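Protein sequence lines correspond, in order, to chains A and B.
Residue numbers for the first sequence follow my numbering, beginning at 328 and rising by one.
Residue numbers for the second sequence follow my numbering, beginning at -19 and rising by one.
Worth flagging that the hints you see were computed from the coordinates, not collected in a lab.
Quick caveat, the model's predicted, so the values are computed rather than measured.
All C-beta atoms in this analysis are idealised placements derived from N, C-alpha and C, irrespective of residue type, glycine included.
Just to be clear, a hint being listed does not mean it is correct.
[To be verified] The following label-pair restraints were derived from C-beta to C-beta distances:
1) B/Lys140 with A/Leu406: 40 to 48 Å
2) A/Trp494 with B/Phe421: 30 to 38 Å
3) B/Asp383 with A/Trp494: 18 to 26 Å
4) B/Asn62 with A/Phe343: 52 to 60 Å
[Said to hold, decoys possible] Here are some of the chain A residues that sit facing chain B, going by a computed Cβ distance under 8 Å:
5) Asp360
6) Pro419
7) Pro421
8) Ala429
9) Ile490
10) Ile497
11) Gly499
12) Phe503
13) Asn504
14) Arg506
15) Thr512
16) Glu597
17) Asn615
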Amino acid sequence: MRRYFGRKILIYGLTFILAATIDWMIPRFMPGDPIANVMARIGAVVNPAAAQAMRDYYTHIFGLDLPMWQQYVNFWNSLLHGDLGISIYLFPTPVTTVLMRAVPYDLFLLIPSILLSWYAGNKFGAFAARSKWLDNTVSPIGYILTATPYMWLGILLAWLFGIVLGWFPIAGAYGFNLRPHLSWTFIWDVLHHWFLPFMSLFLVGFGGQAIGMRNMIIYELEADYSHYLEALGAPRRLVRKYAFRNAMLPQITGLALSLGVVVAGALVTEVVFSYPGIGYLLLAAIQNQDYFLIQGCFLFIIIGVLVANFIIDVTYVIIDPRTRRGMTGETA
Amino acid sequence: MKRVLSTTVALLVVLTMVLTACGPTPTPEKITVRETVTVKETVTVKETVTVKETVTVKETVQVPVVVTAVPEKPTEVVYPRNETIYVSGAAWGPASTWNPFQPGSLANTTGTIGFVYEFLFAFDPQTGKVTPWLAESGKWTNATTYDVILRKGLTWSDGKPLTAADVKFTFELSQKNAALWFSPLWTYLTGVTAADETHLTFTFKDPLYQEWDNYLYNLPIVPKHLWESKTAEETNSGANEKPVGSGAYLYDTRGEDRNVWVRNENWWGIAVFGKPAPKRIVDIRFSSNNVALGAVIKGDIDLSNNFLPGVATLAKAGYVKTYFADAPFMLSANTAVLFLNTTKKPMDDAKFRRALAFAIDVPSIVNIAYAQLVKAASPTGLLPSLSRFDDAAVLAKLGYSFDTAKAKQMLAAAGYKDTNGDKFVEAPDGSAFALEVTCPFGWSDWMAAIDIIASSAQAAGINIKAVTPDYGAWNTALQGGTFDMTLNNWASMSNTPWTLYNLLFRHPIQEQMQSGNFGRYNNKAVFDLVDALAKVPTTDEAGMKAACAKIQEAMLTDMPMIPLWYNGLWAQFSESAWTNWPTEKSTSPTLPTTWSGYWQLGGLMTLINLKPVQ
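So that you can see chain A by itself, here it is in the shape it has in the complex:
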């Protein structure tokens, strides 16, 4: 057990260092000069002398005048202190503040939608695997939902329920006439704004999960051990129980990976529903060559994915006896 986990942690550590290095390198090799961008946004009222002074000033603030290797060392140094630098696009806000302010909105949208669509999708997929009637209804719907371009579905929902029927608002995380405070009006308003983006994410996720689960269950029900149990006269419930457990394994992997990238935000949702979040900021950061904000976001994603992978490994040890056996060296 210890050797198994020790080796895993070593691999994850090395992956993190490598990924963080690539993360540090990529923004610096993008075409374009971020200081020029900052200067351009000053506008046309700058004369050459002041422009040079300003250029030197900003280059110094962001540490871009140091040699590459020193920038790299400084990067690790500040990373270990929890300092991700200062955003260029949202100067002078520190990157950590930007992320901390924006990420909760994405978590609020994505975690419930991923979890609920996973749960509901798996349930329906499992039912569909054994009921012909359900299979004929859930599967086509599932295929349509999963094949629909997400932005089209989002815009359709916004237009239908937001503008034509007017049941839901189409922009913002809470009403523009409200200030966050603890009251039922506010909570209700937040949920009111949350529902459409959540629904759009849920529907697409649901479709994919239902189909995946249905296929997995059918595969399991046709496996050798299922036939053997049936031949032995085991009740159908028992066979289905074992099939379900085996079918869940890849679904759990998928769930953990989806949760791992949650910190990347849902860019299209944020654009279609004007919902604040990190996806939109990340796009803006890329377009504005904001080195530090891009680095910070990607770092979160790297950590998220690695943590998710690690949790999968631990979960597998717990729920899959074959992994437990494999760890102690026995063959299955």
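Let chain A serve as the given structure and place chain B on it in line with the hints.
Okay, now just chain B, sitting in the frame of chain A:
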């Protein structure tokens, strides 16, 4: 196992919702003010019937009353509809700084300059009048001295008075900090003296009159008592949270996608200009123009300064109102100019450039790309508000318009012929060329415009393709001078034509051209003409017209850049909650815009003139 799973799922869902709700929530500030009120009444009654005079004096002294006055920053958590105005189109990201010296578009809090911090003068681009704002009057006492008298009774939002010392301090800030944007002022400003609380004198050496006027209505005045203790770094790039200014609005709160400003009930300008009608302004950031369009149709926002394609149809159908009831619907904000890189062949040939000017199909850009929301520009590039500086004789002789046949003729006359049968002309020396016209990716209206530029040029035989790099790459090419031809519109409404010509003919030519003359047109004679214009006093209109005529003649003969159309001051508004918006029919229309740098050009007056729908 299933039970465990479902309960964990449910718990996680609830947990995330609770965690997000407990996210960063601004705590409202409560300020209690105790006021002692004494009322004295003196009534004098004079009766002259005989020689008798009776004087009655009534004096009532009330017991001091302790009053908890309305806190300076009201802290409602639900904003009433008839007190709040919702606007959009100015901010494109979360607020990051309230430093008025931060580059304008870096701050997504566009109300900092204009709402919180104010200027000595305000300028109305439509009438060309400069209105004294913080100043009561300003004039040149001789060729190198400018006198300013401030109004009496000016106050900062923390109660302290605004005096000449604050103005002197603000101007001298850039003397100490070269990194501030207005430090070039000190190349010709030699000193600022404050004779008393309201009297200021600026002394110059070789003043640039036209540029000085720009500073008068663009330089925000900051409080000395709060800024003198700031370090250079804080002044140049600090965020200046909780800004204290003299303006009509105060910072209230913000969110990831909104900035909220609340009216300053103690604003000095209420007695002078009037009280701004909306108590609160919520400046919304929409993720894209399409969502803004949806919100406008729903009536959720009152004023949208986004570019909404198809607004012409909506305006005609009555969904929204615009400044003009008919084309072009929008006022003209700035000129879109096609810069040609004169360091590359064949754009170093003036005859080629002139032929290109006739080849570009501006009417299609106006009618198709913009669906009639803009106007074609005057060949001089000056906005309609400055059209009196257009020299009619020069335009008659050298003006251009869309004429493909004439373009082909001019190309042939200049030696450009199609020698290899690829339907495109080659240079007089026989070399083929393939040019690219660029604009940033995502600027959909400009992308449509450069498509039309490319196709109409191809129709005249010039091989031009439309390319749309990312903003960063485009900007680097712009300032580094590596592009072929590109659009730019950085000279906006101003009280002087010098602003535009300063952008077009910026000099000296350097490695990085950051604020103009991106095509690196190097012509000392024209640079001298622009410098001469800068030195003409703004009161000498005849002199300015003469200087402009010379510049325009040189510009249209050589055509180093081609002014194409006027970008619109996009504004569509709804009258569901607020009326009396400025339109062409208003008696004294102001600018219906929330854009950065426009509050002092009339945006604030628009708010003062608004009336709530009862």
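Self-check item: Hint numbers not upheld by this structure, sorted from lowest to highest
Solution: Violated hints (numbers, rising): 3 and 7; every other hint is consistent with the structure.
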